[in-house]
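Trainee: First to last, the protein sequences are chains X and H.
If you want our numbering, it's the position in the first sequence, counting the first as 1, plus 7.
If you want our numbering, it's the position in the second sequence, counting the first as 1, plus 9.
None of these hints come from the bench; they were simulated from the model.
This one's a predicted model, so the numbers in the text were calculated from it and none came from an experiment.
Beta carbons are placed, not taken as given, at the ideal position from N, Cα and C, and that holds for glycine.
Watch out, some of these pointers could steer you wrong.
What the hints assert, rightly or not - List time: in silico DSSO-like cross-link candidates among lysine-lysine, alpha-carbon distance up to 27 angstroms:
hint : chain 1 : residue 1 : chain 2 : residue 2
1    : H       : K213      : X       : K51
2    : H       : K172      : X       : K632
3    : X       : K124      : H       : K135
Stated by the list, open to error - Covered, in the sense of this in silico footprint (three residues per stretch, anywhere, with C-beta under 8 angstroms from a C-beta of chain X), are these stretches of chain H:
hint : segment
4    : 31-40
5    : 109-120
If you want the building blocks of each chain, they are given just below.
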Amino acid sequence: MPLTRRDILRFAGAATAGIVFSPLPWKMLDDVAIWTQTGPWIPKVPRGPISHVPSICSVCPAGCPVTARCVAGVPSSLRAASGSGQPLCPIGLTGHHLAYHPLRVAGPCLVEHRGEKVLTTSLSLDEALRRLPSVDGDRSVMIVDQRPGRAISDRYRAFVRQHPGSFYAVPDDDASMRTVGYDLERAHTILAVSTPLLDGWTTPARTARLIERRSKNDGLRILAADAARSRTATLADRWMPIRPGSEAALLVALLHLAHAHRQPDMTPSMRAIIERTTPERVAAAIGVTPVQLRHVYEKLTERGPSLVVVGGDGSNSVDAETDRLAFQLNRALGAASNGAIRQRPAIPVSEGLRERDLAVATPLSSVPDASVALVIIDGDEGTCHLSWESIVRTLHPGASIVVSLSPVLTALASHADLIIPSPAPFESFGEATGDGTDIACRYGVSRPLHPRRPGSVDPELVLGHLSGQVIEHEAALRDKVAGIWASRRGQIRTPDGSTTNLTSVEGAGSLWTALSEGAVWTLEGAPASASVRALESDASATDRLAARLSELAAGGATSTIAVVPTTWAPVTSCSRLSPLMTKLYQESGLRPTSEVAAVAPATAHACGVEDGAVAELRAGEQSSKVKVRVSDSLAPGMVQLSAGPDPVGFRSPEPPAVANALPRGRAAELRKS
Amino acid sequence: MPARYGMVIDLDRCTGCGNCTVACAVENNIPPGPPGVTDRTGITWMRVYEADNGEGFPETQSAFVPVMCMQCEEHTPCVSVCPQNAVEVDPETGIVGQIPERCLGCRYCMAACPYHARYFNWWDPKWPEGMEKTLNPDVSPRMRGVAEKCNFCHGRLHTAREKAAAAGNAAIDPADYVPACVESCPTQAIVFGDLNDPASEVAKLSRDERAFRFLSRLGTEPKVSYLSSRAWVRSLADRVLARDQKEEARG
């Protein structure tokens, strides 16, 4: 039968109609969907051989052991080293992202402020070094080291010692309270006074052990005295709400109950303060009843060893006097004699240097005003918040220059005149000097995992330019390790959990090999009684304390409200957070951003603000726009602010939060904006 | 017998540190939120909520509650509403899998999920320059316009299967398949395993007297259970029910 034109058309029409009922269109839809989802604008995952590299995390000083899973030599994840029993924190889990921080400084640059904008102008390294003023006898230098105990710290100290009138400055917290470590594992009762004990105050491993002990009902009791219902207050066995800023009064009242004024080595003025500070006298000022104070003291003495921990959240929360009071209370509770608090030993200095040839650390607040012509701010951040105000007051008016070695344009670096960026974490050998609350000092070395960015400069090179003695970064670290080995003290703990005494390690080279493969050197501290003298209050401190107690007692009800910063300790000072932290701050609301101010319904009503409203929070000369969150769980008369990174901190170098700059309990005003 | 993977989360151990949320994002190549992202538009396969007992100061008590896809076993709501068959329950593992290539972005599944555990890609995935080098090679990034959710780290299951196959074993070693949130939890509050294995810790804990499941009244048989010795925390599972009953009573 001949095919007609009509047959062909009929077949084509039927075929076209039939296609609709065949899998073809659906398959095409699928393929188009797949094709559009693998377009060139969708990032491709890396490919290459997978390796697992043991190291330690050097993002903060704690130095938790990690295993880096690397793809083609670039880390794709950091995990806690198996066998170490030391989990990581969210900062550590994302430490490998920091090399790609959006605010990373590409190379040496000048910083300029135009209005609210921060502008940077690139320089060559030679030009940047030429801009550093020569250091002669008349010119005073201050080197700010936020992470003392490293190899470069020893070099800084040697340099400062050779230049009289210069300062090796460390954050106040490092200078005072961090010389004492707490044996949390030994304690049966812990009183956390305005301390984020269970929220990053110490390493995740130590926090986890506390939680583990509690879940096993081994008798551990955690008491929290905090103005706000912080996370530690939430997780503690008992929370005692106190008035903001009344920590010192609480400790003095507990010292009174402990009869500390009968101790023979107490100074007369301190003895008088403690003797007259009865619970009945200060309870109202603290915001509790005398019965509650006695109950807390009974709990502390009921089952020892007991510990009182104060501050340490790095947010200017507790001053040195309060810290000294805590030490004296611990001593009165027997923590010094039973080893629950210990003096943490110092890490031995680098080989070729002697302790007596190195400058002593000066607390930053003790550096005189207008005394420094050149400030060098080391690039490694520690665990204490450092405000620009604490540095700018030391600058000599006129010809002074501030140099930041930060690899990232942090809030502090954005105020500097010149940035000579050091490598980011895991780009070169890093160091960890241990958790500042532990009874042991530690030293670990993290291996470079990323290819190094060309514009970064080792701090040793900058210091070498000033001192005329250049040393390679790795050589400086090897000297430090050799110094530790020469001490023949302590032990090394490998990532699998096994320990070896340092005396069994054959030489400094073997120790370097072990440390660069993830091992950590540790040395436990001696009982803290030896350090008592150093921590006792001097006469001026006692006067300040007496004045504060009087002020607190006279305070009563005021028309203002008190600021209570709540912190997530690891990030209070840390500007270098992974961009992935939006998951915690913005995308889940698990961590409040620094823009949110929480108040009680009564406070909101008194201030004329509503839930969700934008308001102005003013404290002294500081003011900030905040978003009001009304919460039933807060006490009236205070505003709870999150001290920490800006919610979009990785996109802007602006100062993080008003709470960082305010002392705890500072009076403030909240008004509708 | 096929596996039936599930989790038990001890709320008395959870400190709300956020490790699980962050570890999940690293493992599953979930990008950082763009400017302006909120808790409604962000993507957190594992999200930790803070719940309280409803009392005012100073009687308030809180608990942190990690919530992810509950891997519903019966009448899985997201499966039944998906017009594209982009959600499937794997009969070999019991894991509710999401197939982004099939998803057309209608978000019916998000509306159907009683746990609000599904997320939508409002933007194309974007990492800061260079950071894409740190992505997990086992998980493909998803494009704008598709829904996604927790799949118990499916990439790790594949890796465990490959390892078992290379060793000539038919079954995987349970130690080789541990989701990122479980691995990263510092207090070991999350326990993962095969609920069909009566000897496994997860199976034992899921039968613990402290165990409860959220919205179990819906009959979807979620495979994620929670533990708490605090009565008010356990009552959270029924709180929504109580609210519904009140609303029904009001008409």
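Trainee: All the hints need checking, so say for each whether the structure fits it.
Mentor: How the hints compare with the structure:
no.: 1; hint: H:K213 / X:K51; in the structure: violated, 41 angstroms
no.: 2; hint: H:K172 / X:K632; in the structure: violated, 54 angstroms
no.: 3; hint: X:K124 / H:K135; in the structure: holds, 25 angstroms
no.: 4; hint: 31-40; in the structure: holds (count 7)
no.: 5; hint: 109-120; in the structure: holds (count 5)
Consistency note: the structure conflicts with the earlier hints numbered 1 and 2.
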